[in-house]
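Trainee: For reference, the chains in residue letters:
There are 2 protein chains.
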Amino acid sequence: MSLDEAAMKPHDRLSAHLAGDMESVNALIRERMASEHAPRIPEVTAHLVEAGGKRLRPLLTLAAARLCGYGGPYHVHLAATVEFIHTATLLHDDVVDESKQRRGRPTANLLWDNKSSVLVGDYLFSRSFQLMVETGSLRVLDILANASATIAEGEVLQLTAAQDLATDEGVYLKVVRGKTAALFSAATEVGGVIAEAPEDQVRALYTYGDALGIAFQIVDDLLDYGGATETIGKNVGDDFRERKLTLPVIKAVAQASEEERAFWRRVIEKGDQREGDLEQAMALMARHGAMEAARADALGWAARAKAALAALPDHPLRAMLSDLADFVVARVS
Amino acid sequence: MSLDEAAMKPHDRLSAHLAGDMESVNALIRERMASEHAPRIPEVTAHLVEAGGKRLRPLLTLAAARLCGYGGPYHVHLAATVEFIHTATLLHDDVVDESKQRRGRPTANLLWDNKSSVLVGDYLFSRSFQLMVETGSLRVLDILANASATIAEGEVLQLTAAQDLATDEGVYLKVVRGKTAALFSAATEVGGVIAEAPEDQVRALYTYGDALGIAFQIVDDLLDYGGATETIGKNVGDDFRERKLTLPVIKAVAQASEEERAFWRRVIEKGDQREGDLEQAMALMARHGAMEAARADALGWAARAKAALAALPDHPLRAMLSDLADFVVARVS
Chain U
4 MSLDEAAMKP HDRLSAHLAG DMESVNALIR ERMASEHAPR IPEVTAHLVE
54 AGGKRLRPLL TLAAARLCGY GGPYHVHLAA TVEFIHTATL LHDDVVDESK
104 QRRGRPTANL LWDNKSSVLV GDYLFSRSFQ LMVETGSLRV LDILANASAT
154 IAEGEVLQLT AAQDLATDEG VYLKVVRGKT AALFSAATEV GGVIAEAPED
204 QVRALYTYGD ALGIAFQIVD DLLDYGGATE TIGKNVGDDF RERKLTLPVI
254 KAVAQASEEE RAFWRRVIEK GDQREGDLEQ AMALMARHGA MEAARADALG
304 WAARAKAALA ALPDHPLRAM LSDLADFVVA RVS
Chain G
4 MSLDEAAMKP HDRLSAHLAG DMESVNALIR ERMASEHAPR IPEVTAHLVE
54 AGGKRLRPLL TLAAARLCGY GGPYHVHLAA TVEFIHTATL LHDDVVDESK
104 QRRGRPTANL LWDNKSSVLV GDYLFSRSFQ LMVETGSLRV LDILANASAT
154 IAEGEVLQLT AAQDLATDEG VYLKVVRGKT AALFSAATEV GGVIAEAPED
204 QVRALYTYGD ALGIAFQIVD DLLDYGGATE TIGKNVGDDF RERKLTLPVI
254 KAVAQASEEE RAFWRRVIEK GDQREGDLEQ AMALMARHGA MEAARADALG
304 WAARAKAALA ALPDHPLRAM LSDLADFVVA RVS
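Line by line, the protein sequences give chains U and G.
Going by the working numbering, the first sequence runs without a break in its numbering and finishes at 336.
Going by the working numbering, the second sequence runs without a break in its numbering and finishes at 336.
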């Protein structure tokens with residue numbers, strides 16, 4: 004690794020190392036998001052796909068496949084599959100959350116309408132489905148079908164768990180797996196499967212993706228109560244205003260006094276939020292060390308992700324994946 | 004066939020003939036719509052799945068497989084798959100169309116909310132995907148992936164074509180294939196594929212489903228301008244109020260005088276609809292024989308569906324499928 008490379012973020016190093024593959028992925032994405040008859044589809048998709056997203060999930064698939072010595076063409080299909088599923092999920096999420104901004108830009112549901120977001124999301128799901136069928140691997144299809152079901156179930160669970168103070172860390176983990184970790188772990192696992200890697204390596208890739216995804220989401224939850232708008236593209240307190248039971252809140256609620264519980268019931272369950280409530284919520288989380296404890300959990304998951312990599316071949320990509328796990332939690336360390 | 008059976012509608016005869024298989028399908032549907040963690044999912048799904056729908060699509064799959072001599076278990080999986088895809092599509096459609104009634108009952112988006120309809124629809128798509136992977140047939144997966152893409156593309160196309168007088172019969176056919184025929188043809192085709200029927204029979208099953216679906220949709224369009232609410236579960240003129248370019252309207256617009264075009268532009272493109280406009284639209288369609296011409300098209304598609312059946316084995320199910328094609332168009336004959 005050159006000195007220049009060493010100074011780059013792990014994500015950028017992955018991008019540089021996999022630049023050729025990533026170009027093929029981008030070409031495939033552009034080709035498959037086209038629709039001869041319904042120009043609304045590429046319009047809406049381009050808005051999201053070309054919004055400068057980090058392409059983290061397709062990079063994970065490419066890295067996993069290459070790390071396991073894959074030399075065929077289908078890791079590109081799988082990387083595009085994973086990005087399409089992710090984009091489709093974002094489109095539907097923004098409808099469900101009534102979001103107005105994503106990655107610092109207006110959301111598709113705001114620029115077009117909810118109808119377009121729902122239907123173009125469905126279209127991208129079906130396109131991702133076609134791409135994975137092209138790999139001819141039933142095992143890959145099985146993994147992605149199960150990931151899709153976990154994602155959808157997690158989203159519905161989040162819908163009902165939001166606003167419910169009875170949500171505990173077990174439910175939280177299920178929601179997070181659906182929201183983030185299921186696609187991360189499917190992304191890494193299918194990379195190993197398409198490379199026909201030994202079973203212990205495939206399992207290790209699954210574990211890495213799962214733990215990385217959970218760490219990633221906990222960090223996201225933490226930043227919502229402390230990150231600056233420009234770094235995360237959303238406003239501090241968005242989760243609070245949407246009455247989401249994120250990890251720091253769950254930890255604070257678990258230790259709340261009777262008076263504090265009354266506060267949480269009012270702002271989260273009843274949704275009766277007033278001036279100063281966000282600050283009060285943050286003070287309660289600080290009082291019970293909820294932010295600290297959530298941070299420790301994130302570090303634990305990152306450590307688990309790194310430990311899983313030991314089963315994989317020694318390779319520059321393995322080092323980058325390890326650094327990536329550190330980097331994800333460095334935002335809150 | 005007994006006299007009693009002869010008096011039954013073809014759809015009921017199919018149900019009776021395939022009752023054992025259909026029981027297995029219903030059991031599988033109930034099993035797979037369950038969700039341990041998100042009770043909202045079976046609630047919403049049961050509302051639709053148990054609303055007394057005709058189960059026409061799963062019956063087509065079962066009939067196609069049995070007609071081709073299938074003796075294995077996977078036609079049941081495929082029939083459940085097709086019903087899940089259909090139900091998911093209905094959930095998303097009702098959000099997109101802002102519908103308040105479906106099969107004479109309030110829609111899920113009205114009883115719960117749009118969020119639940121979007122996410123439970125996604126969940127059912129992913130469950131259908133798991134079911135089809137279980138068949139282990141890549142060809143079946145390919146057919147259903149392509150059908151999903153056609154469905155989604157057709158829905159987006161309908162969204163943009165809906166208020167555009169330039170929509171011609173070619174675009175209409177693409178919308179109808181997406182809306183109805185793609186799932187009908189996939190339903191029959193996968194039945195033949197799972198039975199490992201010869202290629203000409205698989206093609207015939209595809210053609211039958213495609214033509215039946217198109218006939219079905221044209222009849223639906225016609226009934227919207229003339230059926231009674233109690234038979235179709237929606238109100239006369241719903242399509243008109245939603246400014247949909249259905250076949251009779253397209254035919255009337257194609258023959259419109261300048262003055263008539265101004266009327267269509269106002270009511271369909273601008274959406275400026277007043278008292279008496281529905282009656283005026285129906286008078287214009289009558290003047291140009293648009294209803295008659297659309298009816299003739301529907302009869303033509305039904306005839307094509309029946310003709311395709313000639314390639315299939317002589318079997319009581321084949322006769323029922325033939326009668327079904329007649330029955331679909333009998334509603335407007």
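Calculated from the structure, these hints are not laboratory results.
All of these numbers come straight from a predicted model, not from anything done at the bench.
Mixed in with the good hints, there may be bad ones.
What the hints assert, rightly or not - Computed footprint of chain G on chain U; a stretch qualifies when at least three of its residues, placed anywhere within it, have a C-beta under 8 Å from a C-beta of chain G:
| # | region |
| --- | --- |
| 1 | 31 to 45 |
| 2 | 95 to 101 |
| 3 | 148 to 154 |
Stated by the list, open to error - Lysine to any residue pairs mimicking SDA-like chemistry, simulated, CA-CA at most 25 Å apart:
| # | chain 1 | residue 1 | chain 2 | residue 2 |
| --- | --- | --- | --- | --- |
| 4 | G | Lys103 | U | Leu168 |
| 5 | G | Lys118 | U | Pro316 |
| 6 | G | Lys103 | G | Gln166 |
| 7 | G | Lys273 | U | Trp115 |
| 8 | G | Lys273 | G | Ser102 |
| 9 | G | Lys247 | U | Leu168 |
| 10 | U | Lys103 | U | Arg246 |
| 11 | G | Lys103 | U | Leu281 |
Where is the CB? At the ideal position from N, CA and C, for every residue including glycine.
Trainee: Is the listed coverage of the region 95 to 101 of chain U by chain G valid when you require three or more residues with a beta carbon under 8 Å from a beta carbon of that chain?
Mentor: The restraint on the region 95 to 101 of chain U holds, since 3 of its residues have a Cβ under 8 Å from chain G and three suffice.
Trainee: Confirm or reject the coverage of the region 148 to 154 of chain U by chain G under the rule of 3 or more residues with a beta carbon closer than 8 Å to the chain's beta carbons.
Mentor: holds (count 5)
Trainee: Need the status of pair lysine 103 of chain G, glutamine 166 of chain G: alpha-carbon distance at most 25 Å?
Mentor: 21 Å, holds
Trainee: Has the region 31 to 45 of chain U got at least three residues whose CB is nearer than 8 Å to a CB belonging to chain G?
Mentor: With 6 residues in contact (Cβ-Cβ under 8 Å with chain G), the coverage given for the region 31 to 45 of chain U holds.
Trainee: Taken at face value, is the distance from the CA of tryptophan 115 of chain U to the CA of lysine 273 of chain G at most 25 Å?
Mentor: Answer holds: lysine 273 of chain G to tryptophan 115 of chain U is near 18 Å, not above 25 Å.
Trainee: Keeping to a limit of 25 Å between CA atoms, is the pair of lysine 118 of chain G and proline 316 of chain U held or broken?
Mentor: Violated, because 44 Å separates the two Cα atoms, which is more than 25 Å.
Trainee: Check the hint pairing lysine 103 of chain G with leucine 168 of chain U against an upper bound of 25 Å on the C-alpha distance.
Mentor: Violated - the C-alpha atoms of leucine 168 of chain U and lysine 103 of chain G are around 32 Å apart, more than 25 Å.
Trainee: Can the restraint linking lysine 247 of chain G and leucine 168 of chain U be considered satisfied, given a maximum Cα separation of 25 Å?
Mentor: 45 Å, violated
Trainee: Run the distance test for lysine 273 of chain G versus serine 102 of chain G: straight-line Cα separation, threshold 25 Å.
Mentor: Holds, at roughly 21 Å.
Trainee: If you draw a straight line from the CA of lysine 103 of chain U to the CA of arginine 246 of chain U, is it 25 Å or shorter?
Mentor: Distance ~17 Å between lysine 103 of chain U and arginine 246 of chain U Cα, so the pair holds.
Trainee: Given the hint that lysine 103 of chain G pairs with leucine 281 of chain U, test it: the Cα-Cα distance must not exceed 25 Å.
Mentor: 37 Å, violated
In terms of the numbered hints stated before, the structure departs from hints 4, 5, 9, 11, listed from lowest to highest.
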